[in-house]
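Participant: Please construct the entire structure, taking both the sequences and the accompanying hints into account.
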Amino acid sequence: MVRLRGIGIFDVVNFLLLLLVAIACLFPFVHMASVALSSPQYVVRNEVSIWPKGLQWDAVNAVFSDKRLWTGYRNTIFYVVLGTCISMSITIMGAYSLSRPNLIFRTPFMLFIVFTIMFFGGLIPFYLVMKAYGILNTIWAIVLPNALNTYYLIIMRTFFQGLPKEVEESGRIDGLSDFRVLTSIVIPLSKPVLLTIGLFYVVDIWNNFSGALVLLRDESLFPLQLMLRNLVVVGQAGDVLEASGFGPKVMLESLKYAVILLGCLPVIIVYPFIQKHFEQGALIGSVKG
Amino acid sequence: MDLKRSSVLRGVKRDRVYLLLLAPALLYFILFRYVPMFGIVVSFMDYNLFKGVWHSPWVGLKHYRTFVHNPDAWIIIRNTLLLGLYRFIFSFPAPIILAILFHEMRWKRFRRFVQTVSYMPYFLSSVVVSSLMLMLLSPSTGWINKAIQSLGFKPVLFLQDAAWFRTIYIGSDIWQYAGYGTIIFLAALASIDTQLYEAAKIDGANRWRQTLHVTIPGLIPTTVIMFILHIGGIVSVELDKAFLLGNAANRDTSDIISTYVYRIGILSGSFSYAAAIDLSIAVVTMLFIYGSNKISRRLGETSLW
Chain V
1 MVRLRGIGIF DVVNFLLLLL VAIACLFPFV HMASVALSSP QYVVRNEVSI WPKGLQWDAV
61 NAVFSDKRLW TGYRNTIFYV VLGTCISMSI TIMGAYSLSR PNLIFRTPFM LFIVFTIMFF
121 GGLIPFYLVM KAYGILNTIW AIVLPNALNT YYLIIMRTFF QGLPKEVEES GRIDGLSDFR
181 VLTSIVIPLS KPVLLTIGLF YVVDIWNNFS GALVLLRDES LFPLQLMLRN LVVVGQAGDV
241 LEASGFGPKV MLESLKYAVI LLGCLPVIIV YPFIQKHFEQ GALIGSVKG
Chain R
1 MDLKRSSVLR GVKRDRVYLL LLAPALLYFI LFRYVPMFGI VVSFMDYNLF KGVWHSPWVG
61 LKHYRTFVHN PDAWIIIRNT LLLGLYRFIF SFPAPIILAI LFHEMRWKRF RRFVQTVSYM
121 PYFLSSVVVS SLMLMLLSPS TGWINKAIQS LGFKPVLFLQ DAAWFRTIYI GSDIWQYAGY
181 GTIIFLAALA SIDTQLYEAA KIDGANRWRQ TLHVTIPGLI PTTVIMFILH IGGIVSVELD
241 KAFLLGNAAN RDTSDIISTY VYRIGILSGS FSYAAAIDLS IAVVTMLFIY GSNKISRRLG
301 ETSLW
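Listed in order, the protein sequences are those of chains V and R. Numbering of the first sequence is given in this note's numbering, commencing with residue 1 and proceeding in unit increments. Numbering of the second sequence is given in this note's numbering, commencing with residue 1 and proceeding in unit increments.
Just to be clear, a hint being listed does not mean it is correct.
Claimed, not checked - Result set (PhoX-like, lysine-lysine): computed pairs, CA atoms no more than 25 Å apart in a straight line: (1) 276(V) <-> 108(R); (2) 131(V) <-> 51(R); (3) 165(V) <-> 13(R); (4) 146(R) <-> 53(V); (5) 108(R) <-> 201(R); (6) 62(R) <-> 51(R); (7) 276(V) <-> 191(V).
In case anyone wonders, no lab produced these hints; they're calculated from the structure. Given the structure is predicted, the values throughout are model-derived calculations rather than measurements.
Facilitator: Structure, rendered in structure tokens:
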């Protein structure tokens, strides 16, 4: 009873509102998983909401038997690994140079970079130029056009600027070259911010949809997101069901949910472990950016 | 003059390693940001894929005139601005309100749990979010319509009805971004001096009045900054979700500039006409962002650059 003292109507209302928020955020996932794992007779009678009924893995197996999702996974993982390496290298090197207070042409360079936040040529000129470069319908169409994020570059530059000058100078006294100062002093000192920005690049590439939609034609190059869209939004999931031979044993609805579930599972699994970094990311991004 | 030139040369020589390190980034900006800007010249041509930029005939403002005289143009512009404006009005306050709820939650472990859960949708792709929407809102099998039916109402054709599109778009936006958006406001709340709360308590303010007179004023500076940063979003609504949730049945409200350009330009191949729309929008967006940054500079110390 003592503990209850001081808990007023204010706290009760607040608790209920936040409970509602938590339910709203979790329910779609829980529902998705339970429909994907339920037997057709329960799904068709609309009896599944937050708990699977007549647990079965046929929908998931049917999705696994189709090679499109696998192709999507393989391509996306490849794009993420290659893209993040390229993006991080370019961003770190650029940010390091721009963080030098007396770099020659520093202000013109910054203006040149910041202008791209304000002005975007538009989809069509972008498409035509990518076509002229000959990267349309190749892996480079996914990796190169978004290789650098202007905001991440500026955030990283700001972080490098804030590093204590003394440590760097001591490195120079020890005879380190400009490049070695970057690799053996600046990078080790900036691990948290590098990790955070690296994770943001990973998520951006993982989730990239419209870039692939516009620049890729060949299904064997499609990333996971484009496969997901074709299966669920366009409705190719029906073919999967026919081809897999699971026909009567799986409802189309379960199958679609299984596709979405498998599509976002890596994010859901990995998220709790890296959540802290994203939180820091939001802060450095908004406060200093 | 000579002196100046030699000092530049000396600077270049001194900074050669840095310039070399910066080169890939600059090359990226030139190839993928600036060259496409010049690609906009196709909007003044009758661009033909086979003739290319160099041999297509110049037609001046023909495509701009066509766009202005197209009755669809105004519908699309209206749809884009209304979607952007409504999204701004409804999505902007959501993280602020949620942040206040988090801040006032005294049961820390519960607060931590809800925070973690509410950040997660931010990391889902537009495809996953749109797919979930399509599934949950389906008139025959979606959970939401089942719930509506079990309450004795008729199922609602959410995605086949133009009247519902904006609600669905903005609702899913709030679902996806409100949680993560609280982080910046929570940081502002954490920096409020606790003595202010003590003082308010001594003055006899209850929890509600403390929120009203200490918490909310503490949020105002951050709110102003975020307001200005987000205002540019009114004119630029991205392709992804409008494209994924849009269909022939709800096109009256779901067709926005980016989906129209994609359809007319990439799918139907009217490159020059679509590029003319692109440029018009890019100019408006730039003026908008430039203007909002100017305002933010005048209001306080904060600006984008």
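Participant: Hint by hint, note whether the structure agrees.
Facilitator: Hint check:
Proposed proximity of residue 276(V) and residue 108(R) is supported: the alpha carbons are some 17 Å apart, at most 25 Å. Among the hinted pairs, residue 131(V) with residue 51(R) is consistent with the structure: their alpha-carbon atoms are about 14 Å apart, no more than 25 Å. Our distance criterion of 25 Å between C-alpha atoms is met by residue 165(V) and residue 13(R), whose separation comes to about 22 Å. Of the pairs offered as hints, the one joining residue 146(R) and residue 53(V) holds, with about 17 Å between alpha carbons and a cut-off of 25 Å not exceeded.
For the given pair, residue 108(R) sits about 21 Å from residue 201(R) by alpha-carbon distance, which is consistent with the 25 Å threshold. In summary, the hint linking residue 62(R) to residue 51(R) is supported, as the alpha carbons are separated by about 19 Å, within the 25 Å threshold. Restraint check for residue 276(V) and residue 191(V): the C-alpha separation of about 14 Å stays at or below 25 Å, so the hint holds.
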